[in-house]
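Could you build all of it, start to finish, from the sequences and the hints given here?
Line by line, the protein sequences give chains A and B. Under this note's numbering, the first residue of the first sequence carries the number 1, and numbering increases by one thereafter. Under this note's numbering, the first residue of the second sequence carries the number 1, and numbering increases by one thereafter.
Rather than coming from a laboratory, the hints here were simulated on the basis of the structure. Note that the Cβ used here is the ideal one computed from N, Cα and C, for glycine as well. Hints are supplied without guarantee of correctness; some may be wrong.
To be verified - Here are the computed distance ranges between Cβ atoms for each label pair: (1) A/R361 with B/V106: 46 to 56 Å; (2) B/G102 with A/P136: 34 to 44 Å; (3) A/C91 with B/G79: 57 to 67 Å; (4) B/R160 with A/Q277: 55 to 65 Å.
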Amino acid sequence: MTLRAALCALSRAVRPGGCGGLPLSRTLQVQLGFFVCGATIHASHPRQGSTYTNIPPPARYGGRHTVTLIPGDGIGPELANHVRELFWFCCVPVDFELVNVDSSLTAEDDINNAIMSIRRNGVALKGNLETNHNLPPSYKSRNNLLRTSLDLYANVMHCQSLPGVKTRHRNIDIMIIRENTEGEYSSLEHESVPGVVECLKIITRVNSLRIADFAFQTARQNGRRRITAVHKANIMKLGDGLFLECCKEVASGYPDIAFDTLIVDNATMQLVSRPQQFDMMLMPNLYGNVVSNVCAGLVGGPGLVPGANHGEHYALFEAGTRNTGRSIANRNSANPTAMLLASCLLLDHLKLPAYAHMIRRATLSTVTETRMHTADLGGQASTSDVIKSIRNAIQSTGPLTQSI
Amino acid sequence: LKLFTTLRDDLQGNVTAIKGPGGKWMIPPDAKESMDQSKIGLKGPLKTPIAAGHPSMNLLLRKTFDLYANVRPCVSIEGYKTPYTDVNLVTIRENTEGEYSGIEHVIVDGVVQSIKLITEDASRRIAEYAFEYARNNQRSSVTAVHKANIMRMSDGLFLRKCREVAETYKDIKFTEMYLDTVCLNMVQDPTQFDVLVMPNLYGDILSDLCAGLIGGLGVTPSGNIGANGVAIFESVHGTAPDIAGLDMANPTALLLSAVMMLRHMGLHEYGKKIETACFDTIRDKKVLTKDLGGNSKCSEFTADICRRVVDMD
Numbered sequence: 001m002t003l004r005a006a007l008c009a010l011s012r013a014v015r016p017g018g019c020g021g022l023p024l025s026r027t028l029q030v031q032l033g034f035f036v037c038g039a040t041i042h043a044s045h046p047r048q049g050s051t052y053t054n055i056p057p058p059a060r061y062g063g064r065h066t067v068t069l070i071p072g073d074g075i076g077p078e079l080a081n082h083v084r085e086l087f088w089f090c091c092v093p094v095d096f097e098l099v100n101v102d103s104s105l106t107a108e109d110d111i112n113n114a115i116m117s118i119r120r121n122g123v124a125l126k127g128n129l130e131t132n133h134n135l136p137p138s139y140k141s142r143n144n145l146l147r148t149s150l151d152l153y154a155n156v157m158h159c160q161s162l163p164g165v166k167t168r169h170r171n172i173d174i175m176i177i178r179e180n181t182e183g184e185y186s187s188l189e190h191e192s193v194p195g196v197v198e199c200l201k202i203i204t205r206v207n208s209l210r211i212a213d214f215a216f217q218t219a220r221q222n223g224r225r226r227i228t229a230v231h232k233a234n235i236m237k238l239g240d241g242l243f244l245e246c247c248k249e250v251a252s253g254y255p256d257i258a259f260d261t262l263i264v265d266n267a268t269m270q271l272v273s274r275p276q277q278f279d280m281m282l283m284p285n286l287y288g289n290v291v292s293n294v295c296a297g298l299v300g301g302p303g304l305v306p307g308a309n310h311g312e313h314y315a316l317f318e319a320g321t322r323n324t325g326r327s328i329a330n331r332n333s334a335n336p337t338a339m340l341l342a343s344c345l346l347l348d349h350l351k352l353p354a355y356a357h358m359i360r361r362a363t364l365s366t367v368t369e370t371r372m373h374t375a376d377l378g379g380q381a382s383t384s385d386v387i388k389s390i391r392n393a394i395q396s397t398g399p400l401t402q403s404i
Numbered sequence: 001l002k003l004f005t006t007l008r009d010d011l012q013g014n015v016t017a018i019k020g021p022g023g024k025w026m027i028p029p030d031a032k033e034s035m036d037q038s039k040i041g042l043k044g045p046l047k048t049p050i051a052a053g054h055p056s057m058n059l060l061l062r063k064t065f066d067l068y069a070n071v072r073p074c075v076s077i078e079g080y081k082t083p084y085t086d087v088n089l090v091t092i093r094e095n096t097e098g099e100y101s102g103i104e105h106v107i108v109d110g111v112v113q114s115i116k117l118i119t120e121d122a123s124r125r126i127a128e129y130a131f132e133y134a135r136n137n138q139r140s141s142v143t144a145v146h147k148a149n150i151m152r153m154s155d156g157l158f159l160r161k162c163r164e165v166a167e168t169y170k171d172i173k174f175t176e177m178y179l180d181t182v183c184l185n186m187v188q189d190p191t192q193f194d195v196l197v198m199p200n201l202y203g204d205i206l207s208d209l210c211a212g213l214i215g216g217l218g219v220t221p222s223g224n225i226g227a228n229g230v231a232i233f234e235s236v237h238g239t240a241p242d243i244a245g246l247d248m249a250n251p252t253a254l255l256l257s258a259v260m261m262l263r264h265m266g267l268h269e270y271g272k273k274i275e276t277a278c279f280d281t282i283r284d285k286k287v288l289t290k291d292l293g294g295n296s297k298c299s300e301f302t303a304d305i306c307r308r309v310v311d312m313d
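Quick look at the structure:
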């Protein structure tokens, strides 16, 4: 019997009746939990010093993971509900810890609670939090706060053309790695004299090396052959120059992956005329924003592409283009594909590939084969129609699912 | 009107920077004088050799004449197929400050800081120009592109100025949109945009994105408007040294810039004639230059345009 199984049996014995029985006192539960974690860690993977291996956060009780869920604004809450229901339907061993962040409040308590929850659980799934840009600068973007506090330095977005989705370009398969914490998003601004505002764009060697290393590792893991760094070093010679230098340095350590560079305006031009030439793209924060949105638009829109934010210790999954969708909120017309694919990325991260594969296959077949499209893809289906179709697809493959 | 074709051949781009008495780099004084007199210029691509020791020529021109607005109308060309049809928008980009202020420094070893500068005056000036342009060219809406959710103060200031100016131009619809939303929507449906006004970096990226939508820099005109009524119109492609002098170049970009120039000067009917002739030639596809998919020489292309213009009279 493995150590872990023994401990689970022990905890079950102490709590008669199994999961529904008398709960242990909270402290004892937590202590047992930590003991299990500790045992797992020492028994299997050494956590210290590993930066890129996807070690899932330790499961708490009997193999069930706890994941923070931040519904967000706009279409976020309804999509978060759909994810929760679908997971329950598929008997996925994930419990969601719901943390509501009210983005209209100026106090930072809500977001701090969310951050604490993510530190505890290690993984999160979120909708976009709206930022009212008419508020004074002391109110920082909540999404940005999450990313910088948790040091989620890499944003990964995989844009792929899907058969059945009508777009102007075909055969696009681009992976975008975007630096997520510094660059233009440092939020360091000041008004030196009334009417003159300076905004600082910070590029550091450490972060540039880190993101470049992440990119090359990811390329290797995913069989990518070429990385294109996007920059504007002809104008911002020191800033983007440093970024490029770091990328080149890291590239020299990966001779099996080709590396080239492209200026951002040329890159966007190439993307709209011939996007098939790109394999993987790597860039600082702002250009990443532009390029990822262009690519998402090219493959069919914000409703289709999931995004992942990785840090050394935490991972956060969301819809790739981070839209709130305020205008279509609560109308049952949002496209749930991006959020569902993000939840599949979450399951991959938690090392639950069977569930991930099941949900992903059902979601993609609904878009590509059944062609059940919501309004953003030119169809007339509602969100619930799409979800129903996905459920049917999952049920038809035969795994045990909860009865509705 | 054949003047214009000969005018194009004359433009050599042989203006090089010289060091003035103050030790600052500047363009030769006779060039500056002639510009001050005529106020309007047409420019072909200027090469900046790397490590030339002097700053880029384009930058010098911009600084000398205070060219604060870069205007790039992007209209789909019938006959030159791209995946995007019916594009008809104008990008107006602030040309003097923003992310391209050039103020950068190394704070400590390994940490670099670039400064993005936004000032009230420049923002107001560009907003006013955008609305004036919209009014003069019968455009119905102006959209300000920004990232004020992240860069609250700087883009916030830009936005506020745009809103203030919008108040005085009630006949033109004013909207604001985040940069990422604009990019997303632009590649899905560019017909929803009309006039876009934005700070320097976003303008650079978006104007090239729009140029890519209609077919690239070889067919995109561009104009730089300065203070004191100065305006320089140019083609934004490179110098293409490999085909220089071989009669292979595509003059469309420069010709369309010249058309913009005529419109700016108020000579609308001449502009319309040349533009129609140019588009007709491209649509007919009989005498196209190599980059447009044909096999003809540059001179044949222009001869065809000239012939059409004459036929129109």
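Here is how each hint holds up against the structure:
Our hint of 46 to 56 Å for A/R361 and B/V106 holds, since their Cβ atoms are close to 51 Å apart. Restraint check, B/G102 to A/P136: a C-beta distance of roughly 29 Å breaks the suggested window 34 to 44 Å. Remark: the range hint 57 to 67 Å for A/C91 to B/G79 is upheld by a beta-carbon distance near 59 Å. With their beta carbons about 41 Å apart, B/R160 and A/Q277 fall outside the hinted range of 55 to 65 Å.
In the structure shown, a violation is registered for the earlier hints numbered 2 and 4, in ascending order.
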